[in-house]
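Protein chains in written order, with the working numbering: chain A, 1 to 438; chain B, 1 to 343.
Careful, some of the hints might be misleading.
Claimed, not checked - Here are the computed distance ranges between Cβ atoms for each label pair: (1) A:Asn384 / B:Glu59: 46 to 56 Å; (2) B:Glu336 / A:Asn178: 40 to 50 Å; (3) B:Ala265 / A:Asp398: 48 to 58 Å.
Said to hold, decoys possible - Each computed DSS-like pair below joins lysine-lysine, with the alpha-carbon atoms no more than 30 Å apart: (4) B:Lys252 / A:Lys314; (5) B:Lys74 / A:Lys321; (6) A:Lys183 / B:Lys133; (7) A:Lys271 / B:Lys74; (8) A:Lys261 / B:Lys254; (9) B:Lys117 / A:Lys287; (10) B:Lys142 / A:Lys271; (11) B:Lys254 / A:Lys314; (12) B:Lys254 / A:Lys66.
What the hints assert, rightly or not - Take a look, some chain A residues computed to stay more than 12 Å from chain B by CB distance: (13) Ala19; (14) Thr113; (15) Glu164; (16) Phe169; (17) Val188; (18) Met190; (19) Ser214; (20) Trp233; (21) Phe275.
No wet-lab data here; the hints were simulated from the structure.
Ideal placement from N, C-alpha and C gives every residue a C-beta, glycine not left out.
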Amino acid sequence: MSNIVLWQPESNDVIPVAARSATEISSYAVQLSTRDKNQIASTLDNGFYEMGVNYLWEKTTHALKKELASVGIGLLGEMLGKTDVDEDDDVNDVLTTRDAIKLAEELGIVNSTDAMRLRHTNELVKHFFDLDAADGQHAVMDELEALNSLKNCIKGVLGREKVEVSKPFIEFRESLENTTFAKDDPLVDMLKSSPYFFYKLTISVLMNAAKNNSGAHLEHALANINLLIPMMWDSLSHDEKWQIGHTYSEMFSEGKTASVKGIKRALLRVKGFDFVPENLRSDTFVKAADEVIKAHEGMNNFYNEATPVRSLSKLGSSIPKPALSACFSALLSIVLGNSYGTSWDAVSVANDLLKKMSPSDWEYYLTHALPSDTRILSKLSDSNPRENWIENVVKKFDFNELTIKNSKVERLVKASLEGKDTKVRALAKDIGAEYYGK
Amino acid sequence: MIRNITFRTQLVGSVSEFCTESQLVILNDNLNLVELIVLLARYQEEGKSLCPNVYLTNEIQTLLSMIPTSDFLKIGNTSLDIEGIKTAIKKCAPLAERGWLLYLNGSTSGIEYGLFKGPSNPISVLVDDVIMKENADYPVVKVFQVASDCVEVRSNSGVIFNIFLNHRKENSSAPLKSLDSLVQAITKLTEVVYQEQALTFLNRLFFESLRNSHGCLIAVTDSDSAPECLAQDGIILDEPIDFYRLVEQAIKDKGDTSNLESKGALLQGMLNSDGITLFDSRSRLLGYNCFVKPDSEEETLSINGGARKRAFGSLSSKVGTELSAVFIQSQDGWTEYKGSNDE
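So here's chain B without its partners, still in its complex pose (with noise of 0.2 Å):
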């Protein structure tokens, strides 16, 4: 006897309680969120890989109201169902890029969909901060591939599944955990009239720029300059960039960010290079294209990966000496951290 064995079988029965409880009316058949994760998880247009952030919601108009000068464009309306869902996923997600974030609108008479976009501003709230976070009146749930085969549902009464489509074991950590530990680390000595503010710019930043990586590695030193290890081959900037200078002149410059955004956009550059980019942890970007020397060949041969992950490995052990903490994202965009205070 043929039986076939699929991972919607599995799914279904997963978010059955998380769907109900949602009080989202596209969610009212748990299949339209199945494939809804399923299509995500690898979606592409004419070859290319896309990763929307989808927003179900029953409220659209609501969730705009709460978010100030952002923008928004219907682009259409269709059926409630698994067609209708595929129909504007196909519709939007091309134009899902640079902060366009993509809604379902769901209404007993179908769905409306579209983009829209909060402010321009890189120093403004993060957009999930404000609709992801406790508005239990306006259910909103928020469907994105956070990693190559995993994608992230997350609902804003602080439900959250992370679903892996390949072998990942059940007890894995998310593959964007130590994003905010990162970021954490970055702006950990940094003055604390902006810190706040330094630390929205960073973690958008980062995302964005992750997510576009193919592959990283970043280490953080308490130190104002280079450390040894780093400074020997690598590239050290004369004058680092001072994120939170910039992102305090951008304050006071009443919203020219200019000089700010410009400079963010050469972290993805950097992170694109080869070896590693480092940060001292007031948010200044001291180097990029570093490379480290394993101390010994044991320590080499004792663990197994590519190049990125023996070097990873290497600096881990610098943890707490010369390093405040060290960050790897894989090729797939999975991630590891390790900072001075995880002992």
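Okay, chain A solo, but in the shape it has when bound (with noise of 0.2 Å):
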């Protein structure tokens, strides 16, 4: 690997110019059969557009969902900080959409563009599939954005034999399992050097590798592990120090033993045993924190999110920090919702539980967190959940005396205190551009 940028697969023209009926678009979905193209291209000529659209949806999901699942459910589920996740469980159940599109641009399975395409379509689908019948005699998807979202669809997903998570990734992965690294190797330098996002796909795969690896791939993982932890401890954040923690916690009670050997002389190196939750209790609020944001971020979310929300409220207030990051990213999700507004039931739930939070929780989660919470960051870059974060959030919660030791996130603050709104965006992109260095 001869440079560490985010992966990218090639980009492709599937769809020529000239192609502009529903008919003569779908006919390039080489992923869909015959008569899936023509029951699309059919409901979309005849104008059952949301009809239409949401099929064709449910079969882009699928094929981006059956993608990711090849990389190992637990992979997935470290990457998004799950704890409860096993390669047992179903792809569906742990994915998102918006998780599943974030993956694919992680991982190398769409570009960029595609991937803000494909969750523009998310939007839309769930706009459409979330009017209630009185709304839904009125506002109707066009033809416009119907087409659109089948080009969409077409060109990040089904218009490609196979989508596939790029090589470079499966031979990062690869060689973090299956080769034990010396210190001078060029892959360990250029680690060194490269954005957030490899340490912390570096920690997921490693962690993911100890908890379910065996034999000579458990031995390099774990060998890995203690050169690479010592090496990454102090660029760390408290988010994937936790993670550490928590896996070795896991394996001891799991009683894998070679593998909590092996974490633990890592742990010993960089004197981390302040991360090792006492108990996991975290767990709890961690998957309380999932439904809340399965809810937000699947169908019907302003009728939805209010249960989960009540649920983890009902967890008391006393959160545990290894749960901290989750917990806000839930709740600041219902506060700024999306680009259609807010659940009024689940906002007010939510901002009991917020109002709770100390100025020291606040300052963890601005500090260590939101730098890479691309959830968070990403509703920035859109209006309505950006006016909330600067009226609701920011200004509600008296972020003016909270001391944050991130320059980017503090003049993010600074921004958002002075109504700002443009520059607050900028900061935002600049923060997730960080974090993935493009």
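Both chains are sitting in their own frames, so use the hints and assemble them into the complex.
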């Protein structure tokens, strides 16, 4: 591997400019059967846009999630910070559609432009699906929206024989699991100067290997843990440090002695036992936060969000540190909402819980978690959530009294306090770009 | 001229280098370790024999941080001398049961003492696998009675002493030396996926059960049914207790170990019953209370010892054919093992 940059699939224009009708465009969906292509084209040609696009979207997300599943459900769970995921789980239960698009972009299955288009299609499908009977009478999907969605799905996913995880990612992962690196290995040198995303990915791959590998693959992974974790430790955010500590704790209670010994050596070298949770109580909070995200990113979110947010609030306001960033991310998702608005019921419960967060909790989240919380950062590119961020979060929760030890986040908060909407958007984009190194 | 010769005199010299290298405040004075060894060799409270595991350290909090979901109870502080050690042991030893371990944390101001405990989950990693290995920066010494009149002293740098306070010769093997071999034999043919956890569970289970046993005899077979020599006279379970599957289930049930623990508790009673407890090498308990007939009268006469020792001799001759391993624990806690790879 000559250089570590965010992996990108080969660009390809799968739909000629001349293809304009639904029948012409859908003929390039090589992953669909002729029957599926004809059904979708016929539905759109006859003006049943929402029905056609919903079916098309199901096919697209299915193909995307199927490819992601080939990476291993455990690794996907690690990358998303989910604590209760194992290889027997169904990919559809583990990933929301937004998660799937984000991971597909991170692992080079789709490029960033196609990922943006897929996110847009997802929002569109969700919006029309969520309309109640009365609103649905007046607001209908138009032909242009339907044809654009068709193009987005084919360009990003269905127009290629097979969407695949990028080869450099596979090589990167294999090298972590199949080779024991020396200190002066070129990959180790490159990793040192890589964007934070690769640190996070390396930790996810290694922790997943410590949990699931055996024999020589486990030995290589543990040896690399002992080389790479001390090297990265000072640069790791608290979320990743907790992830390592959590893996140690989980392996301890599952009786995986070899993995425990390997991770222990690394933790001893960095004096990192402060990040081993005293118990796994935080898992309950992380699971509850996951349910909030699932509802928020699923269909009918405005109706479905309130119940999981109430469940999260019933766990109490004393949130264990390892679960803080997951809970903040979930609660802020509710309060910021999406481009169509927020769920009033859920927002009031989420606000009650956010009010109980101490200044040090907020400082912890803003300093250590927000810089890699791509879910919240991407919301700030959207005007409605951004307005909610400025008015209903930053100004409301007295961010001016917080000490934030991250210069970019500090600037973001300052711009938000001053109500500089455009600057907030640009700074949020910068923070996300720095995370991915693009 | 009358001259007194004691074990203490001999011991002080033997442990001197060990105490210096241990870097432990409590062992700055060799006599502290000697007193602890002598104290634990036959420790009793209210007529009841007690066998606490005692950990000496300078940094108890660091050690505890290595044990997730650990529990901890400080009992008190005492002086850094023999009397202080005696006080700490007297206050804590009766409590150091059912997984609770006794610690003495030394500092220049004295000894803090109390109890700590690893996770209750019976498949979790053994506490000793974490704190007694590869922590060069945090010295720990463990002292415990491993069998009657024998105390083991081990440091986390890998040095182990077995101190015999009886007539045993210097080249005698350690009392529990064969425990690992027995558990290896019992898990030899299990599936690989959860073999590590099954091994950990059985190690913990046998260690506790053998400590409370008054002697026992265990046979292991590679066959999935009881060998003829034991099936004729004994209790052979219609449905063997499959510890591997129980461990697998406990992991899949995310820590619900109630079934595993309740089945494990039966082993204690079986080991305390007369006769032989029978396992196969897939971690299944096939039967107990089994008896073996000697093959010949000469065989019986050639073995010195009681009925258990004779039965062990008889079973040993079947290792490699009907059996793959046989293990004996005598009444005083000493063990012997013969496996099919021991020739």
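*Going through the earlier hints one by one, which of them does the structure break, listed in rising order?*
19 and 21
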